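One line per chain: the protein sequences are A and B, in this order.
The numbering of the first sequence is the UniProt record's numbering, which starts it at 1 and goes up by one.
The numbering of the second sequence is the UniProt record's numbering, which starts it at 1 and goes up by one.
Think of the hints as simulated: they come from the structure by calculation, not from any bench.
A few of these clues could be false.
[Unchecked claim] When the alpha-carbon atoms are kept at most 27 Å apart in a straight line, the in silico DSS-like pairs for lysine-lysine are as follows: (1) A:205 with B:410; (2) B:62 with A:190; (3) A:587 with B:118; (4) B:366 with A:579; (5) A:368 with A:162; (6) B:366 with A:162; (7) B:72 with A:162; (8) B:410 with A:190; (9) B:118 with B:361; (10) A:547 with A:561; (11) B:62 with B:72.
[Unchecked claim] Residues on chain B that point at chain A, a partial pick, calculated with CB under 10 Å: (12) 165; (13) 168; (14) 169; (15) 220; (16) 239; (17) 282; (18) 293; (19) 295; (20) 328; (21) 334; (22) 337; (23) 380; (24) 431; (25) 445; (26) 447.
Please read all numbers here as calculations on a predicted model, not as lab measurements.
For each residue, glycine too, the CB sits at the ideal point set by N, CA and C.
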Amino acid sequence: MYIPLVFLSLIGFIITGLFGRYIGPKGAAILTTSCLIISFFLSLFAFYEVGLMGSPVYIRLATWVSSEVLLINWGFLFDSLTVVMCIVVTFVSSLVHLYSIEYMSHDPHLPRFMSYLSLFTFFMLILVTADNFIQMFLGWEGVGLASYLLINFWFTRVQANKAAIKAMIINRIGDFCLIIAILTMFVNFKSVDYATVAALAPFFKMQTVNFLNMDFNILSLICIFLFFGAVGKSAQLGLHTWLPDAMEGPTPVSALIHAATMVTAGVFLIARCSFLFEYAPNSLQVVAVLGASTAFFASSVGLLQNDLKRVIAYSTCSQLGYMVFSCGLSDYAVGVFHLANHAFFKALLFLGAGAIIHAVNDEQDMRKMGGLKNLVPFTYSVMTIGSLALIGFPFLAGFYSKDLILELAYGRFSSFGHFSYYLGTFGAFLTAFYSTRLVCLTFLVKPNGYKSVIGFAHETFSYIFIALCLLAIPSIFVGFYTKDMIVGVGSDFFGSAIYNNPKTLHVFDAEFVEFLFKILPVTLSLCGAGLSFFLYNFQSSILFYFKTSFIGRKIYSFLNKKWFFDKIYNELFGQFFFKFGYTMSYKAIDRGTFEIIGPTGLSSVALNVAHKLHKVQTGSLYHYTLTILTTVAIILSLRQCWLIFEYNVDYRGLILIFISFFFILNSKN
Amino acid sequence: MNLTSLFYFQDILFYTSFIPLIGILLLVYVNPEQQKLLKVIALNFSAFPFFIFLLIWGGFKKSVGTFQFVTKILWIPVINLNVTLGIDGISLFFILLTTLLIPLCILISWNSIYSNLKGYLIAFLIIEFFLIGVFCVLDVLMFYIFFESILIPMFLVIGIWGSRERKILASYYFFLYTLLGSVVMLLSILYIYNQVGTTDYEVLLTFVFSDLEQKLLWFTFFLAFAAKVPMVPVHLWLPEAHVEAPTAGSVILAGVLLKLGTYGFIRFSLPLFPQASFYFAPFVYTISLMGIVYTSLTAIRQTDFKRIIAYTSVAHMNVVMLGIFSFNNVGIEGALLQSLSHGFVASALFVIIGVVYERYKTRLVKYYGGLVHTMPLYISIFLFFTMANIGFPGTSGFIGEFLIFAGSFKVNSSITFFGATGMILGGCYALWLFNRIAYGNLKSQYIKQALDINKRELFIFLPLICYTLIFGLIPDAYLSSIHMSVNNLIENMYF
Chain A
1 MYIPLVFLSL
11 IGFIITGLFG
21 RYIGPKGAAI
31 LTTSCLIISF
41 FLSLFAFYEV
51 GLMGSPVYIR
61 LATWVSSEVL
71 LINWGFLFDS
81 LTVVMCIVVT
91 FVSSLVHLYS
101 IEYMSHDPHL
111 PRFMSYLSLF
121 TFFMLILVTA
131 DNFIQMFLGW
141 EGVGLASYLL
151 INFWFTRVQA
161 NKAAIKAMII
171 NRIGDFCLII
181 AILTMFVNFK
191 SVDYATVAAL
201 APFFKMQTVN
211 FLNMDFNILS
221 LICIFLFFGA
231 VGKSAQLGLH
241 TWLPDAMEGP
251 TPVSALIHAA
261 TMVTAGVFLI
271 ARCSFLFEYA
281 PNSLQVVAVL
291 GASTAFFASS
301 VGLLQNDLKR
311 VIAYSTCSQL
321 GYMVFSCGLS
331 DYAVGVFHLA
341 NHAFFKALLF
351 LGAGAIIHAV
361 NDEQDMRKMG
371 GLKNLVPFTY
381 SVMTIGSLAL
391 IGFPFLAGFY
401 SKDLILELAY
411 GRFSSFGHFS
421 YYLGTFGAFL
431 TAFYSTRLVC
441 LTFLVKPNGY
451 KSVIGFAHET
461 FSYIFIALCL
471 LAIPSIFVGF
481 YTKDMIVGVG
491 SDFFGSAIYN
501 NPKTLHVFDA
511 EFVEFLFKIL
521 PVTLSLCGAG
531 LSFFLYNFQS
541 SILFYFKTSF
551 IGRKIYSFLN
561 KKWFFDKIYN
571 ELFGQFFFKF
581 GYTMSYKAID
591 RGTFEIIGPT
601 GLSSVALNVA
611 HKLHKVQTGS
621 LYHYTLTILT
631 TVAIILSLRQ
641 CWLIFEYNVD
651 YRGLILIFIS
661 FFFILNSKN
Chain B
1 MNLTSLFYFQ
11 DILFYTSFIP
21 LIGILLLVYV
31 NPEQQKLLKV
41 IALNFSAFPF
51 FIFLLIWGGF
61 KKSVGTFQFV
71 TKILWIPVIN
81 LNVTLGIDGI
91 SLFFILLTTL
101 LIPLCILISW
111 NSIYSNLKGY
121 LIAFLIIEFF
131 LIGVFCVLDV
141 LMFYIFFESI
151 LIPMFLVIGI
161 WGSRERKILA
171 SYYFFLYTLL
181 GSVVMLLSIL
191 YIYNQVGTTD
201 YEVLLTFVFS
211 DLEQKLLWFT
221 FFLAFAAKVP
231 MVPVHLWLPE
241 AHVEAPTAGS
251 VILAGVLLKL
261 GTYGFIRFSL
271 PLFPQASFYF
281 APFVYTISLM
291 GIVYTSLTAI
301 RQTDFKRIIA
311 YTSVAHMNVV
321 MLGIFSFNNV
331 GIEGALLQSL
341 SHGFVASALF
351 VIIGVVYERY
361 KTRLVKYYGG
371 LVHTMPLYIS
381 IFLFFTMANI
391 GFPGTSGFIG
401 EFLIFAGSFK
411 VNSSITFFGA
421 TGMILGGCYA
431 LWLFNRIAYG
441 NLKSQYIKQA
451 LDINKRELFI
461 FLPLICYTLI
471 FGLIPDAYLS
481 SIHMSVNNLI
491 ENMYF
């Protein structure tokens with residue numbers, strides 16, 4: 001029952017992937033969707049058994065690799081953390097499958113699309129259910145591959161190709177860090193199982209390891225590298241640039257992969273490795289700072305994006321920042337709680353955005369929309385629900401988790417907690433501003449699109465409708481119903497799945513936060529929403545004057561161009577390596593130095609020398625005698641000199657002299 | 001006679017290695033006009049040893065670390081020169097790889113060789129004989145003889161059946177580098193013979209050379225093997241030879257010949273000269289690292305399809321070198337697994353190039369684009385092997401790479417850290433190449449006809465796909481057979 005939960009989606013992938021042309025689009029849609037729905041019900045059952053009844057399940061299938069002390073098993077671990085993730089993944093995934101049946105119905109490659117979605121779900125389930133780091137890494141890379149394929153789904157578009165490669169390569173930087181972390185773990189703990197590493201972690205608290213010729217605390221080193229892995233996958237500041245570009249993929253993909261599930265893998269990883277992070281407080285500080293910075297940075301960029309999906313993408317990035325810094329402040333459970341809530345309303349927002357894009361003939365620029373309120377009222381209402389949940393409007397899903405994160409951050413009463421709190425609160429203000437801006441520009445302001453497009457805007461009432469409905473319900477209620485169970489004071493829902501050092505436990509401290517700081521985030525959010533609503537609906541002239549003023553233009557281009565991260569990366573790193581690969585490593589070294597020392601040099605030196613020797617053969621005896629005499633004299637004197645210089649001359653220098661001969665002799669022709 | 005008695009049939013190695021030669025004898029007497037018959041004979045006689053070696057694997061005792069199926073043939077007893085054949089876990093799988101790839105090579109060139117087909121097939125059967133020999137013999141001199149002999153048919157394959165004018169230069173490079181490296185090896189083999197009085201491998205294992213001797217001998221062996229691996233700066237022949245060789249030649253070159261270098265290190269350099277191996281390890285790390293980073297960066301900017309894959313071969317084989325010089329079980333087993341994996345993956349990638357080359361007669365990447373429109377099956381296979389090439393978990397490449405890094409991390413974490421950057425660079429060149437070939441718009445101004453892979457080509461790919469997956473998902477089947485041999489090797493090094 002637990003195994004089919006994971007492998008049903010693989011079956012769906014294999015059948016639709018290999019035999020898609022035989023079963024047709026309809027067959028593929030039915031097969032993959034029903035596999036996923038069964039999988040969802042299985043995970044509901046698993047949630048009941050593991051989450052509610054509190055009995056973790058551990059399944060060991062077979063040995064994968066065994067070599068000396070390295071032992072890796074095919075194993076599955078279902079504890080409360082896993083089943084929460086399973087529910088989220090299978091629920092969102094089955095709805096996205098359902099949604100895609102209609103959204104992609106015009107596409108001839110529907111079977112391929114469905115099979116990729118199933119492949120992604122399979123790898124995601126492997127990622128969350130693995131019982132060791134290597135199997136987790138399989139899922140980790142697998143979702144990267146599925147993401148590559150899905151971003152690239154419309155493969156004739158250059159933008160899609162670029163975005164897909166970018167996503168994969170930036171993710172590989174993260175994967176590289178993750179592999180280094182796993183290697184460090186293996187070399188020190190002799191194991192890559194969660195259970196063994198968890199049991200051994202406390203004993204390595206004070207030990208150091210030599211890495212890059214410097215001594216590091218073992219656990220800090222591992223945690224920092226694990227976190228860099230998470231930075232890649234969860235698009236945190238520095239490695240975030242792939243996420244907005246990934247919006248080139250079809251919208252259901254953005255909803256499933258780049259909002260609800262894959263990007264949260266990094267947060268899941270941090271929560272999963274809480275047993276390591278808790279013993280490495282230094283690395284937790286890095287996590288908190290980077291997470292809070294991302295939360296602020298992404299929301300500031302989201303403020304002035306014009307592409308509908310990019311706004312939501314930056315909002316995802318920013319919300320991931322909240323989850324990450326909450327983990328960095330040791331509130332893993334709250335981070336995971338926000339992850340689950342966020343998955344519902346962000347998937348809702350993306351699928352709603354997809355419905356809008358569908359309605360206005362594939363237009364994504366918000367400046368060309370407007371006035372859709374009366375044309376697509378249902379989409380308008382779900383987008384409003386999603387946006388309010390994201391803003392953290394009281395009693396919707398986002399309110400319970402985001403507010404709690406900020407409250408607990410302040411309740412940490414440490415400089416890192418305050419740093420995160422202030423950035424997060426200001427980020428919440430910006431979030432509210434751009435979310436409302438999105439709703440206003442799309443639905444409320446005067447229509448700005450072409451008449452032909454707006455005139456045909458319409459809604460569909462089949463699969464898209466069902467998917468949006470089913471996502472809107474948890475977006476409203478999930479926080480209210482599950483808060484006390486998951487993150488309530490004294491709840492042991494996560495049991496041993498998430499380890500909290502008793503010293504860092506501070507649920508009660510948060511109760512003593514001043515009322516002002518408790519109320520500040522939600523007040524600022526509402527202010528931001530109100531301000532944005534007011535400005536965009538009634539005072540757009542003020543905005544226009546601001547935008548066209550000198551400072552306004554600078555700020556606008558700075559934020560609209562995403563703080564110039566892409567420019568810096570492309571021009572400093574990308575161009576550099578490209579140039580280096582050609583001029584340096586290919587032209588100068590491969591075709592240059594090595595050729596000269598090697599075959600071409602050898603032949604030309606031989607020719608040169610032969611040519612010169614040929615001139616020496618004058619046939620005159622005097623010349624020969626002179627040559628012989630001088631050579632003998634030189635050799636003898638050299639030998640005599642050598643006795644003097646022997647101890648001062650390094651014979652390795654002779655090699656250099658020998659090699660330089662090649663260059664000297666070659667340079668003449 | 002029941003099947004198990006076959007496994008204890010001592011001379012089985014000797015007789016099996018002669019099967020390709022029987023094939024050659026038959027081929028000589030077939031009329032060159034009967035091309036179909038020639039190909040069928042060559043295919044059958046090259047594939048037959050594979051099945052026999054599978055049987056031998058069945059009879060192979062996993063719990064024994066020493067050599068099995070040992071056959072001793074007296075050659076010149078007066079000067080104590082004998083031919084000893086025998087296999088252990090390390091060599092068995094290289095032989096299986098060889099005997100798998102040669103029939104695939106013949107299948108690859110089923111329709112693409114027009115001139116002098118007979119000579120071509122004979123060359124491949126001879127290569128198979130030499131390769132089985134090189135992996136079977138337990139005698140340094142005989143190893144040298146086989147090691148060098150492979151140059152001749154390979155030289156001919158590149159020089160005669162290559163594709164462009166430049167093939168002469170390429171075969172000259174190939175010959176020059178490998179020969180210059182191994183000439184000095186011959187000198188040191190003579191020295192060894194003088195010192196020990198025999199060149200028998202198992203006797204040599206018991207002999208302890210002095211420190212200086214070890215360093216010198218190790219270095220000469222290193223020159224021979226490094227040119228084969230290939231390591232920077234003697235890797236120049238590889239891109240040239242690969243680009244100019246016919247597809248089957250590239251497959252054999254990347255699939256097996258490069259493994260001769262790593263096999264030589266594992267078989268001879270490490271156990272015979274352990275002190276020198278430890279002494280020179282940092283040196284090897286450094287140039288392997290250069291190999292990984294430089295060639296990966298170079299590969300990104302290449303325009304020739306084959307040249308890119310050739311450079312990636314260099315990068316991967318240098319990763320293998322890191323594993324070998326980690327001197328522990330995990331690293332060496334990883335190195336062996338990665339060698340085999342590279343044998344499958346790089347071969348498959350060269351076949352992938354061969355498939356489009358046969359159709360469109362160009363290897364320049366810029367003429368291709370959007371092939372997924374017309375050749376979906378081909379592109380799926382290409383994607384699979386691209387993923388295997390960059391070490392996607394679940395394929396053999398990942399297991400090999402991970403074991404290597406796990407082994408070398410114990411010894412030197414800095415080297416591993418920089419070596420592992422190859423993962424990122426590998427992602428860059430492999431994905432960019434794949435993207436340029438597979439996606440984008442179809443370049444219909446260059447590509448007029450569309451033809452997905454046919455049945456013959458599918459059956460070339462299928463075994464390679466299967467082995468890549470099997471070694472990735474259940475590598476234990478393989479690793480359990482080599483544990484004892486590797487243990488034995490390491491014991492020889494440390495004691």
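Straight-line alpha-carbon gap residue 62 of chain B to residue 72 of chain B, limit 27 Å:
Roughly 22 Å between the alpha carbons, so the hint for residue 62 of chain B and residue 72 of chain B holds.
Would the hint linking residue 368 of chain A and residue 162 of chain A be met if the CA-CA limit is 27 Å?
holds (25 Å)
Closer than 10 Å between Cβ atoms is the bar; does residue 220 of chain B clear it against chain A? Give me holds or violated.
Constraint on residue 220 of chain B not satisfied, violated at 17 Å.
Straight-line alpha-carbon gap residue 72 of chain B to residue 162 of chain A, limit 27 Å:
Measuring from Cα to Cα gives roughly 60 Å; hence the hint is violated.
Holds or violated: the hint that residue 295 of chain B contacts chain A, with Cβ atoms closer than 10 Å.
holds (8 Å)
Return the status of the interface hint for residue 169 of chain B: holds when the least beta-carbon distance to chain A is below 10 Å, violated otherwise.
holds (8 Å)
Minimum Cβ distance from residue 447 of chain B to chain A below 10 Å?
violated (15 Å)
Hint check: 10 Å Cβ-Cβ cutoff, residue 445 of chain B to chain A
violated (16 Å)
Restraint status (C-alpha distance of residue 587 of chain A to residue 118 of chain B at most 27 Å)
violated (40 Å)
So if I understand the rule, the pair passes when the alpha-carbon distance is 27 Å or less; does residue 118 of chain B with residue 361 of chain B pass?
Given that 27 Å is the threshold and the Cα spacing comes to 23 Å, the pair holds.
So, as I understand it, the hint says residue 334 of chain B touches chain A; can you test that by seeing if any CB pair is closer than 10 Å?
Interface hint status for residue 334 of chain B: holds (7 Å vs cutoff 10 Å).
Under the criterion that the straight-line Cα-Cα distance not exceed 27 Å, is the pair residue 547 of chain A, residue 561 of chain A satisfied?
holds (15 Å)
Violated hints, listed in ascending order, are 3, 7, 12, 13, 15, 17, 25, 26; each of the other numbered hints is respected by the structure.
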